[in-house]
Amino acid sequence: MAEKLIGTDIAPQDLVAKITGRARYAEDFRADGMVFTKLLLSPMPHARVRGVDATRALAMPGVIDILRADEVRQVEGRPAEASLTDEPLYEGQPILAIAAETEEQAAAAIEAIEVDFEPLPFVLDPLDSLRPNGPNAYTGGNRFGGGEFSELKWTDADFEEIEAGRMPNGEAAVEWTKGDIDAAFSESDLVLEESIVHQSLTHHPMEPRSSMMYWENGKLHAFVSTQSAQRTKYAIAGMLNIDPEDVILVAEYCGGGFGSKISGNTHMEVPAVFSRKIGRPVMLRITRYEENYIGRARPGFQSWLKMGFMADGTCNAIDLYIVQESGPFGAGDFNTAGMIADLVYTPQNMRFRGIAMYCNTPPKAAQRGPGGAQIVIMMEPILEKAARELGLDRLEVHLKNAPDADVGFGPRNSTLTSVFAKEALEKGAEIFDWAGKQELSGRREGSKVTGIGIGLSPYTAGSRGYDGLMVIRPDGKLYVHQGLGNLGTHSIMDTARPAAEILNLNWDQVELVWGDSSRGMPRSSVQAGSQTTHAHSRANHAAGMDARAKVLEVAARTLGGSPSDYDMDNGRVFRRGGGASMTFAQVAERAIELGGKYDGHELPDNIHATTVPAANILAGQGLMGVARDNYGGSGGVYTWVAGFALVELDEETGVVDIKEYVGVTDCGTVLHPRSLSAQVLGGSVQGMGQAMTQRWVFDPKWGVPFANRLYTARPPGILDVPLDMKADAVGIPDPQTPVGAKGIGEPPVGAGGAAVTSAVADALGGRCLCRTPLTPDIILAELEGLDKPFHLEQHIG
Amino acid sequence: MAIIRDMIPAFELVQPTTVEDALAAMARYGEGGWVLAGGLDSYDWFKDRIKRPEAVIDLGGINELKGISNGQDGLEIGAMTTLTEIVRHERVRSEYILLADAAEHVATPQIRNQGTLGGNISQDTRCWYYRSGWACYRAGGNTCYAAAPQAMNREHAIMGTSRCVAVSPSDTAPALVALDAKMIVRGRRSSKVHDAEDFFIGPATDITRMTVLESGDLLTQINIPGEWANAHFYYEKVRDRGSWDFQLVSVAAAFKTSGNTIDEARIVVNGVAPFPVRLDAVERLVTGVTADEALATEAGEIAIQGSRPLKYNEYKEPMMRNLVRRAVRSVA
Amino acid sequence: MAEAESAGLLETKYSRRKFIKSVIAVGATASSAGYFIGSSGLGAQAVPGTVERLITLTVNGQQRRVDVLPNETLAMTLRYRLNLTGTKLGCDRAECGACTVLIDGVNQYGCSMLTHQVRGSSITTIEGLENPDTGELSLVQQAVLEEGGFQCAFCAPGFIMSMTAMVNENPNPTRAEAAHALSGNLCRCGDYDKILNCAMRAAELARSV
Amino acid sequence: MGRWLDFESNPWGQEVLQGVSLELMYLAIGLAVLFVAGHWFWYRSRGFSEHEEPADVQGSVAGLPERIVRHTLPSRIFHWTMAASMLVLLITAFVPLLGLEFAWVTIHWIAGAVLILTIIYHVIHSIVWQDFWSMMSMGAKDFREGLGHFRHLLSSKSPEPEKPGKYPFDHRMYHWGIVVTSLAAIVTGVFMTLRIKTPFWEPNAYYPLVDQAVSGLNELGEPAITLQPGAATGLVFVLHGIAGVLLILMVASHIYFAIRPDKRWFTWSMIRGWIDREHYLAHFDPDKWSVGDGTIQENPPGGAIADSTVSAPRVDD
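Chains as they are written, first to last, in the numbering used here: chain W, 746 to 1542; chain A, 2 to 333; chain H, 4 to 212; chain G, 5 to 321.
Hints should not be assumed to be uniformly reliable.
Far from chain G, some chain A residues (derived; all Cβ distances over 10 Å) [what the hints assert, rightly or not]:
(1) PRO10
(2) GLU13
(3) PRO170
(4) SER192
(5) VAL194
(6) ASP246
(7) ASP264
(8) ILE303
(9) ALA333
Partial pick of chain A residues on the chain G-facing surface, computed with a CB cut under 7 Å [unchecked claim]:
(10) ILE4
(11) TRP135
(12) ASN143
(13) THR144
(14) CYS145
(15) ALA149
(16) PRO150
(17) THR206
Just so you know, these hints were derived from the structure itself, not from any lab. As the structure is a prediction and not an experimental result, all values here were calculated from the model. Cβ coordinates follow ideal geometry from the N, Cα and C atoms, glycine included.
Between the sequences and the hints, there should be enough to build the whole structure, so can you do that?
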């Protein structure tokens, strides 16, 4: 029998290339005659370029040409970043580019350019922009709607409320309510009110977003670091207004994106346009310094929360107001945060208000669990504070408020395909030995105090309706063509397993084809929203079923009888109960002879228009399995992770040492256990960095960031997380998907971060600092009773 | 003139193999020469194109500057000895664990494998205003941006400041001051010995330099006197992450004890001033006294007298107080 | 005069070491006279001792002739002149470890050393670990394969070089010692737990061979 | 321009004024030395007498005390205190730049504070108790008197100039020079000190009056865009530098003339407070500087002195 693939540990096929240095990321590609381009970044947080004098620069040795903002796409009608601009909206925004034979020459040329800037008013902190007659990020105002800018200011009364630590009633951009919170709060046995700040933090994937491009015979060859391959090809085509089939995207490996490279990046347009202009390959090598500016960041929140609890720990009311630092071009995190709060705490009565404020800071984008990670990191310690004040076991209060499958959340009372959050909490508590560790909570040893905490974090984990495309070639092997990006989650390999199992093939009889759009990529989801495993295990399942049906039909048409008389195993199709059989290689040859739907010359009518050209490339190469995921299903697809952490806090230095961590997930069927735990623990580590060390720092006078390198941004290192962490899965399949697998990428971030913020609050005897990151200075200042040098400001330190 | 980062400007590279050749090259280039030890501090300046030497004088090829040998009664450490060598050196570990401990807390293994003791103590401050190339006092300008009322100064100084509020970033500096080390500095015609404490100068004396070294001076050797061998040592460094980061506050202390009575003490704190701060008042307090919790607490209080924090670094007062307390308490 | 800034706690650093550069009266004349005549520029003679550009590097056991600028870092030479793109540039500032290479067996950041500084050393990069003839993976690479280490793997080359140095130095590390040995390598996917499994497995293989 | 003034880029990369360059200091020191040496040899070459000028008595000595008071005790105390703080200021400003390093900042601004106090005292004292206009007046005849004196100095052929009042023209010109430069140095110095930490205030690099940078929110809460941020501070440093450098010249020449042998009798008046009758008559016009008005003079041991105050009744300080 073919080996069981789903649920077993198989090293991804690209691992040998990754560990021998053969794996080529965007900046590793070279082309004959390749030149380099360098960007001139704005030195000011907001300015207008009145003039550029590049005469001296263009006369320098090796310098080829300059690229200006009017030569690239400027998005009209809404605030959106262009790859080059003459009105920079954040310090570090690229203004123009210079191409030269060598990078040194390009850099020297950039320095020789005289730019006449007119500084404009700028704002860094959303609350400053909301303050009566405070500055706005755009000259037109601080809000955008209906095609134009406007100005929205809160009143002095609102700011008096804020100063007093109470929730303001300023005008919101988004507001929805459920039930009656006033009535609910009056019935609550305990009401907690807090103002909470979550910092902004740059994605900082390990690989900066370099890209290299050249034009040949009218086609653009693009070497880009991107999370999603097929969709990036169409993004590039859209940017340049050219036929997508004229874009050949090469994206074999991506050094991480975490939401900042969902379909390539804004500034890949520079080498694309520049190489067309000068007729030579252009490499744009992005440095870590530039990555801090254009590499996108998670939006910070300044928020006010009011939570009502009954005596038994049930949360019966939530009033939540979020002000979001949206950078110059906006972000949607705060909306998601409101829905996730409703989902995690099922308060029945809830009011959510939110407003996204433009700021002259590096642009925001979804960062692994956008909105969801922030809100659970902020609110889980409040839930635990309530449990402690009500004298209840914190695990019980988590369990009591966690939803079941029948949950309805958010303004539209959305439903979910499956919810096994409680099972995840219980299994996690068991592995972590939550009960046994109760007496450790608050235990003191010298100046070290132990704290334990729980973080429950859900996030979207699936989508439907994408296409699978695979070919059994005359060599008898199954070639699965993936349009997915190879961003490090291993989903690009693991989502092919359903097809292999349907065709009863061993893994060594399966080849993955990815990373080069000219080799045929079906319509794929973006690798974001943790949807890939769900979306493409279904798509490949559907295409696998199509291939299986065609193999059986080819066998029947060749060896007689009807398809149902046949079965297959180990690369052979044979009549049940023995008798005639064919190898997959012969089936492939036969399929080519039969043509039509068998070898892909005829395609099903419901596949996506962008899959057709890919299928056409592969037509006639063997038996083609191609199909759209039509399995349907109702309600959102969400995955849950329950995180448990034990920390040791040194009361004399404020240093927190995360000693233990357990993460258990309800993500449906586990395709690849080791990669599953890599996602659970990897996401949790990012959450721990978010909770403990990473942040943004801006000089308010000059609007310039200082956490602009890895050393100052401070992502977590190997010594900042527990030595050995445990991850596990509940493993109950999602009922609405044939394979039962849901995605896993994003939920762990909130779980890891919230478990740590809860554990630190526990170690502080229940005090919630309601601010991240929890660096030694903030903790020590709290313990020593120093007065805080900040209230709700963002970007401090 | 526009600004661009991350591209080292051109320079000539001179690789002398003797101290004489190095000094000659340094004289030849004068202000245009840059002495390169491990390079971890220098490359930041070059890659940001803020320092653009005409010639870089690489000391890597001068073997006489490397290695640890026995001095008359202590140790003689070549300035170009890597930090890893110090961390692993048998005699440093047995008799001067304070130095090995401090060296092991520097940044990361790769940096310790390449960074040198001489480089670690003569590196420039890491104030992010100054290192961004801003024309502050330390860069010869007329403003301290970090001391402004709303400036971001969480990692800046709370004492010993004069206009400039940056801190000394070195991890081995406090240990060397606590060990009363001597720095041998060779000029073209002269060779001077500095007490570790005087090697580091504050902004009040010369705001543009962290140490006494000027162009034409070459730090060749660091001598650890035998006087403090096998003393009771205490080192602790508080920082945000487990590796890479410079200290928020660190303490290095050496005690000569009989039982738990402190006969003599040298206690040094770094990360709180533009130079490693030797706590004379605390040393006087604890000398000849039996160490107990009360003494430790009082030592902590005295240590932070006279500190004047900025907006975001008041926490350094309790942090420093507690570190000194823990150092004294370790004798009890 | 009490030093107002530090309220007497800290005597300022007064160094008599250097008396006045030029004696107040006479010196000023000389320097100002010099001022009038204009500084007599030293003739820029040819300067002995600067490096030539064409050098031989020992990379992965091979002699490679290569033209290297004086200000060129090893990472750039490897990536852009020797096309050994396995060594990655994550930060170019000794802050991430993706560029870790072995210099005479010691793991260092390739981005923070000048190529001319390692002319005489043996340089090992990720491409140099497998057996050049048989293509057999090194013990560390095998361990990583067995444990399915790394996710996006942009940090893998750097980590594997640090693991190789660690195993050579301490084939019997505790898990904490392994973490310390690898604490100069950053992984943004947060795969630390699995990376430590690889390191421990690599040490195990090294001990058994 | 570039040689004297330093430009620097502010954090936004805009070129702004920074301060004066070191060359300006070396130039000033050089000029001071050249002036002193030049005057010394010129004076010798003109054959003027080396030692103290003889007092050829013309006017009648009747009614004149033997010792004519020129500077009262309070004004002498003021002068020497101001001189001390000025010297400390110059030393702490320029000696570190010449190479001898020491903690100069605090001494400098404390000396500055002392200087301010002495000047406040002096302004009050000169207005109330001294003949303010005798020093400050700068009318057309004053210039003629000065021109005549100057022309006589250059060539002995020119006619003997008329005798000046209490303060000869060159003294008054010098006094005006000192007033302008030291006030400039003080005003800018105060702004510079307000920007650094002292026991009395916290450092403030963006002291509101000096530097109006774009700060998103300025003090009035609306966006403020004025001249390039940092430029105003640069201007303050430049003025302070120029004033300081001029003070090198002025103080150096002042001290030089004070110690010249032929002027020693004059210098003593700032120490003892009086000049002898002969020199008074030789060098001053009694009508312009009358002394013998019969009021009771304080009598230091060894002879009567007449105070120079003319108008207001004498009040003991």
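Each hint tested on the structure:
1. PRO10: It holds; PRO10/A is separated from chain G by about 17 Å at its closest Cβ, greater than 10 Å.
2. GLU13: holds, 27 Å
3. PRO170: holds, 21 Å
4. SER192: Holds: least Cβ distance 20 Å, greater than 10 Å.
5. VAL194: holds, 19 Å
6. ASP246: holds, 25 Å
7. ASP264: Holds, because the least Cβ-Cβ distance between ASP264/A and chain G comes to about 33 Å, which exceeds 10 Å.
8. ILE303: Answer for ILE303/A: holds, closest chain G Cβ roughly 20 Å.
9. ALA333: holds, 37 Å
10. ILE4: holds, 5 Å
11. TRP135: It holds, given that the least Cβ distance between TRP135/A and chain G is near 5 Å, below 7 Å.
12. ASN143: Interface hint status for ASN143/A: holds (5 Å vs cutoff 7 Å).
13. THR144: holds, 5 Å
14. CYS145: Cβ of CYS145/A sits 6 Å from chain G, so the hint holds.
15. ALA149: holds, 4 Å
16. PRO150: Interface hint status for PRO150/A: holds (6 Å vs cutoff 7 Å).
17. THR206: holds, 5 Å
Taken one by one, the earlier hints all hold for this structure without exception.
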